[in-house]
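Produce the complete structure using the sequences and hints provided.
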Amino acid sequence: MPAIFINDIDLAREVFRKTDFAGRPASSYTSTLFSNDEYTDIVFADFGHKWEALRRVAHSAVQKYAASDKLMYTAADCVDYTIKTIVDREGIDKPFNPIPYIHHMLVNILSASAFNKSFEQIVL
Numbered sequence: 079m080p081a082i083f084i085n086d087i088d089l090a091r092e093v094f095r096k097t098d099f100a101g102r103p104a105s106s107y108t109s110t111l112f113s114n115d116e117y118t119d120i121v122f123a124d125f126g127h128k129w130e131a132l133r134r135v136a137h138s139a140v141q142k143y144a145a146s147d148k149l150m151y152t153a154a155d156c157v158d159y160t161i162k163t164i165v166d167r168e169g170i171d172k173p174f175n176p177i178p179y180i181h182h183m184l185v186n187i188l189s190a191s192a193f194n195k196s197f198e199q200i201v202l
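If you use our numbering, the sequence shown corresponds to residues 79 to 202, in order.
Mixed in with the good hints, there may be bad ones.
Stated by the list, open to error - Calculated lysine-lysine pairs in the DSS-like style (CA-CA distance at most 25 Å, straight line):
1. 162 - 148
2. 172 - 195
3. 172 - 162
What the hints assert, rightly or not - Pairwise CB distance ranges (calculated):
4. 166 - 93: 47 to 53 Å
5. 85 - 197: 43 to 49 Å
6. 154 - 130: 27 to 33 Å
Just so you know, these hints were derived from the structure itself, not from any lab.
Computed from a predicted model, the values in this text were never measured in an experiment.
Idealized CB from N, CA, C, for every residue including glycine.
Right under this line is the structure:
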């Protein structure tokens, strides 16, 4: 995988202002788990319209709750709900695919933060 390393601070600032160097390296592992046709994660999504939309939603949610503890309580509630759902549906000490649950939990955290609405049904 080709990589570019920049060790000059002025050049680094110039590079970060341009979209020519934006993006993520292609990886079958990350594309399968985090950014595929079903799911797109802001961390692993390549630069583009979809990434910009995810960034705007995440940024508005963080701005809204940065001054209070509400984001922390919202995230804790979503995590608790997800763990309870996993135990109820999958049981304990059995292998299962956590990706749909993690995706649902992250969507609920962002949705509850940005729109004050969460989704109970997890699509497997």
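The hints, checked one at a time:
no. : hint                  : result
1   : 162 - 148             : 21 Å, holds
2   : 172 - 195             : 31 Å, violated
3   : 172 - 162             : 15 Å, holds
4   : 166 - 93: 47 to 53 Å  : 48 Å, holds
5   : 85 - 197: 43 to 49 Å  : 45 Å, holds
6   : 154 - 130: 27 to 33 Å : 29 Å, holds
Hint compliance for this structure: hint 2 alone is broken.
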